[in-house]
Amino acid sequence: MFKIVKREEMSEGTVVLNEIEAPLIARKAKPGQFVIIKATEDGERIPLTMAETDPEKGTITIIYMVVGKSTALFKTLQVGDCYQDVIGPLGKPTHLEKVGTVVCVGGGTGVAVLHPITRALKEVGNRVICIIGARSKDLLILEDKMRDASHELHVCTDDGSYGHHGFVTDVLKEVLAKEEIKLAVAIGPVPMMKFVSLITKEKEVKTIVSLNPIMVDGTGMCGGCRVSIGGKNKFACVDGPEFDGHQVDYDELMQRLQAYCEDEKACHDGFCKIRS
Amino acid sequence: MSNQPEKTAKKKSMPRAAMPEQAPEVRRRNFEEVPLGYTKEMAIQEASRCLQCKKPACVEGCPVSVDIPGFIKLIKEGDFTGSIRNLWTKNALPAVCGRVCPQEIQCEGQCILAKKGEPVAIGNLERFAADYERAHGTGVLPPKSEPTGKKVAVVGSGPSSLTVAGDLIVKGHAVTVLEAFHKPGGVLVYGIPEFRLPKEIVAQEINFLERLGAEVQCNAVVGRTVSIDELFEDGYDAVYLGVGAGLPRFLNVPGENLIGILSANEYLTRANLMKAYLFPKVDTPIPHGKNVVVLGAGNVAMDSARTAMRLGAESVKIVYRRSREEMPARTAEIHHAEEEGIEMFLLTAPTRFTGNDKGRLTGMECLQMELGEPDDSGRRRPVPKEGSEFHMDCDLAIIAVGSGANPLLTQSTPDLKLNQWGYIMADLETGKTSKKGVWAGGDIVTGAATVILAMGAGRKAADSMHDYLTWGW
Ligand SMILES: Cc1cc2nc3c(=O)[nH]c(=O)nc-3n(C[C@H](O)[C@H](O)[C@H](O)COP(=O)(O)OP(=O)(O)OC[C@H]3O[C@@H](n4cnc5c(N)ncnc54)[C@H](O)[C@@H]3O)c2cc1C
Ligand SMILES: Cc1cc2nc3c(=O)[nH]c(=O)nc-3n(C[C@H](O)[C@H](O)[C@H](O)COP(=O)(O)OP(=O)(O)OC[C@H]3O[C@@H](n4cnc5c(N)ncnc54)[C@H](O)[C@@H]3O)c2cc1C
Ligand code: SF4
Ligand code: FES
Chain A
3 MFKIVKREEM SEGTVVLNEI EAPLIARKAK PGQFVIIKAT EDGERIPLTM AETDPEKGTI
63 TIIYMVVGKS TALFKTLQVG DCYQDVIGPL GKPTHLEKVG TVVCVGGGTG VAVLHPITRA
123 LKEVGNRVIC IIGARSKDLL ILEDKMRDAS HELHVCTDDG SYGHHGFVTD VLKEVLAKEE
183 IKLAVAIGPV PMMKFVSLIT KEKEVKTIVS LNPIMVDGTG MCGGCRVSIG GKNKFACVDG
243 PEFDGHQVDY DELMQRLQAY CEDEKACHDG FCKIRS
Chain B
18 MSNQPEKTAK KKSMPRAAMP EQAPEVRRRN FEEVPLGYTK EMAIQEASRC LQCKKPACVE
78 GCPVSVDIPG FIKLIKEGDF TGSIRNLWTK NALPAVCGRV CPQEIQCEGQ CILAKKGEPV
138 AIGNLERFAA DYERAHGTGV LPPKSEPTGK KVAVVGSGPS SLTVAGDLIV KGHAVTVLEA
198 FHKPGGVLVY GIPEFRLPKE IVAQEINFLE RLGAEVQCNA VVGRTVSIDE LFEDGYDAVY
258 LGVGAGLPRF LNVPGENLIG ILSANEYLTR ANLMKAYLFP KVDTPIPHGK NVVVLGAGNV
318 AMDSARTAMR LGAESVKIVY RRSREEMPAR TAEIHHAEEE GIEMFLLTAP TRFTGNDKGR
378 LTGMECLQME LGEPDDSGRR RPVPKEGSEF HMDCDLAIIA VGSGANPLLT QSTPDLKLNQ
438 WGYIMADLET GKTSKKGVWA GGDIVTGAAT VILAMGAGRK AADSMHDYLT WGW
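Line by line, the protein sequences are chains A and B.
Final position of the first sequence in the working numbering is 278; the numbers increase by one with none missing.
Final position of the second sequence in the working numbering is 490; the numbers increase by one with none missing.
Careful, some of the hints might be misleading.
Lysine-lysine pairs mimicking DSS-like chemistry, simulated, CA-CA at most 27 Å apart [what the hints assert, rightly or not]: (1) B:298 - A:77; (2) B:434 - A:236; (3) A:30 - B:452; (4) B:375 - A:234; (5) B:292 - A:267; (6) B:453 - A:30; (7) A:77 - B:292; (8) B:375 - A:196; (9) A:94 - B:452; (10) A:32 - A:5.
Not close to chain B: a few residues of chain A, all C-beta gaps over 12 Å, as computed [to be verified]: (11) 81; (12) 100; (13) 101; (14) 205.
The set of hints was computed from the structure by calculation and includes no laboratory data.
We put the CB at the ideal spot given by N, CA and C, even for glycine.
Make the full structure from the sequences, and use the hints.
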């Protein structure tokens with residue numbers, strides 16, 4: 003059993019932070035790695051990236067967006083409650099290297115995944131420019147943390163309620179025009195990662211993205227998480243989740259993410275009905 | 018002695034006690050076990066068919082040399098407790114083996130009665146003895162040696178690991194089983210379906226190990242959560258690797274990433290481990306196909322096809338590029354599948370999958386094959402017939418064409434020698450690997466094989482590990 007020791011709601015309650023006791027995982031985890039979490043006996047195995055780890059305290063922190071049945075169930079858990087299973091650390095850690103100036107682009111809950119990577123890139127000596135975005139001001143997460151983790155922070159909102167009015171990709175174009183960028187890291191909704199990659203490809207800037215296909219085991223034994231990278235099949239849970247953004251078949255990924263859409267909606271609606 | 022031939026003739030003519038089963042029309046839509054098990058009377062009747070051969074050929078056919086005439090004689094005498102004790106000396110999981118061993122090419126295939134008629138139903142009797150014990154046994158634990166103070170880590174919790182854990186714990190060593198999944202049992206829980214091997218049986222075997230004092234730690238991905246070297250640093254004296262052959266193979270034909278194409282590993286894991294057949298009562302979904310095709314013809318393919326039928330498919334087809342003779346599944350499972358209405362498309366190979374604009378599977382292009390010269394495996398190689406292309410509609414395809422070595426653990430342990438296919442090199446007699454204090458066995462050494470071979474490897478390794486813990490490497 004894995005106890006929740008801290009819980010916060012953000013982004014108008016659509017995003018939840020949990021700090022969880024998991025000493026074995028906290029001891030080993032590196033930026034970019036994820037865990038698989040299952041709340042109850044009959045629960046689903048849900049992959050979530052570790053936004054933070056504290057090896058001394060023996061805890062890991064996850065930040066998740068409430069999108070369906072399982073995350074809605076997670077949201078009902080309070081401090082002192084337990085997850086039944088937490089498995090990890092899974093996936094390959096981010097490759098960290100001093101390359102010069104780096105731009106980190108994050109959208110939605112992707113910002114939570116981006117934060118530890120940004121911090122680590124800064125720690126190894128890069129100059130880090132960050133661009134984060136959300137639909138509106140109230141949905142923005144981790145602004146202060148991202149400011150601390152970077153040298154320069156740009157904030158965008160789709161509706162203009164805060165910061166730059168527009169998409170992260172607009173700001174990215176400006177940054178790319180002004181600065182000599184050696185590496186881009188983009189984490190967020192699949193369309194965002196797709197467009198960031200298109201832009202950086204023109205400028206031939208190496209780009210890392212973190213993919214989120216549907217997973218089951220997270221150990222390379224089911225192949226459900228397969229993604230096409232440069233025309234070859236890779237298992238995101240063991241070969242990734244980070245890949246060369248210029249090689250990813252984003253359209254295929256977007257379609258595959260819809261595999262259980264209808265089933266999941268029915269399951270979620272059922273859950274919401276019971277709770278209301 | 019004079020009436021011996023007469024007695025033999027009589028036994029030969031005595032029909033084999035048929036196993037009562039759920040009727041095909043009923044069971045094809047439920048997940049309950051198909052064979053219902055012998056009654057006491059049926060078991061005694063079947064046991065009395067055994068000729069009690071002086072040189073039993075069946076025993077030669079059993080990979081772990083179960084004393085077959087011995088346990089059968091005890092059933093015949095009504096001493097069911099004696100019978101299970103006899104079985105246990107060679108086989109730690111008789112309730113499992115009685116259900117899943119390919120008896121027709123092992124013990125029963127060698128039985129002298131098979132030459133003229135039907136062999137003794139050894140598997141059914143083994144199952145009976147184990148089930149009787151589960152229902153009526155005392156549950157008394159076997160005696161345990163004094164604690165040795167040695168600690169053993171057993172990685173994985175499939176049949177080979179469970180055998181090692183059971184053998185070493187009674188020899189007085191402290192045993193910890195480390196399993197990557199959230200539930201122990203390996204293929205016995207995530208692969209083989211409930212209707213063939215009820216999960217309660219596996220759970221009871223694990224519970225037995227725990228009562229003996231073994232610690233079972235789930236959610237422990239060795240190579241990620243903890244490395245083998247860290248296990249030694251944490252004070253373990255020896256490590257057994259029984260991590261199975263968990264890497265799904267795909268066909269590598271165009272269109273294979275369409276929605277609706279799953280590896281058998283994924284499909285069966287969703288169905289069995291995650292109990293997705295109960296969705297939305299449980300949270301994990303599983304695709305429901307109307308027209309399902311299963312590629313491959315081993316046990317894994319039969320299990321996938323029969324699962325799809327139980328999930329409500331209108332039609333389920335096994336598509337296999339060789340002929341019936343080469344089908345690797347147990348005879349009983351092929352028979353069960355056909356009874357349940359699963360069609361066999363033999364000498365057929367897919368060349369491409371087709372989909373709609375949403376990326377969902379709609380069909381499969383196929384070629385008809387014919388058998389040519391024998392290949393490396395000694396089986397005749399299928400070669401495409403010219404101009405034989407045809408289309409098959411399907412909305413769910415399950416790929417069951419075998420599995421390989423999962424590199425997750427071995428990649429994180431560079432000093433472990435592997436063969437060219439990525440399987441761990443281990444001495445076949447002792448299970449010793451190239452790394453000091455580390456043994457391996459089961460599918461991760463041999464490639465995907467059988468439950469009983471994995472258990473056999475586990476027993477040999479446990480003996481060798483005990484020697485090491487007592488005397489040194
Ligand atoms: C490596 C990885 C890291 C991730 N990290 C984060 C994170 O830090 N924060 C966060 O908010 N989200 C993260 N996700 C996405 C998160 O796993 C999904 O949002 C979650 O599974 C949705 O489950 P649900 O039951 O609540 O929603 P559902 O209604 O079941 O599904 C909503 C959508 O989520 C996706 N999804 C469903 N089941 C799974 C599954 N088993 N695995 C992956 N995706 C699934 C599907 O596209 C689905 O359409 C990550 C995904 C991956 C693969
Ligand atoms: C669907 C299906 C049907 C089958 N039917 C039959 C049959 O009818 N008869 C028969 O004899 N055989 C059958 N087999 C084959 C048989 O099940 C296997 O040969 C046998 O289970 C192998 O046992 P094992 O102990 O080597 O490994 P497995 O049973 O594969 O168990 C390995 C375990 O190790 C765990 N693991 C893997 N990596 C790690 C890691 N890094 N850290 C921790 N744990 C890890 C896995 O999660 C798994 O639980 C079938 C197989 C399948 C898939
Ligand atoms: S273990 Fe398998 S091969 Fe051996 S006697 Fe039992 S059924 Fe036959
Ligand atoms: S989640 Fe199963 S192989 Fe990646």
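Determine which of the earlier numbered hints do not hold for this structure and return their numbers in increasing order. none
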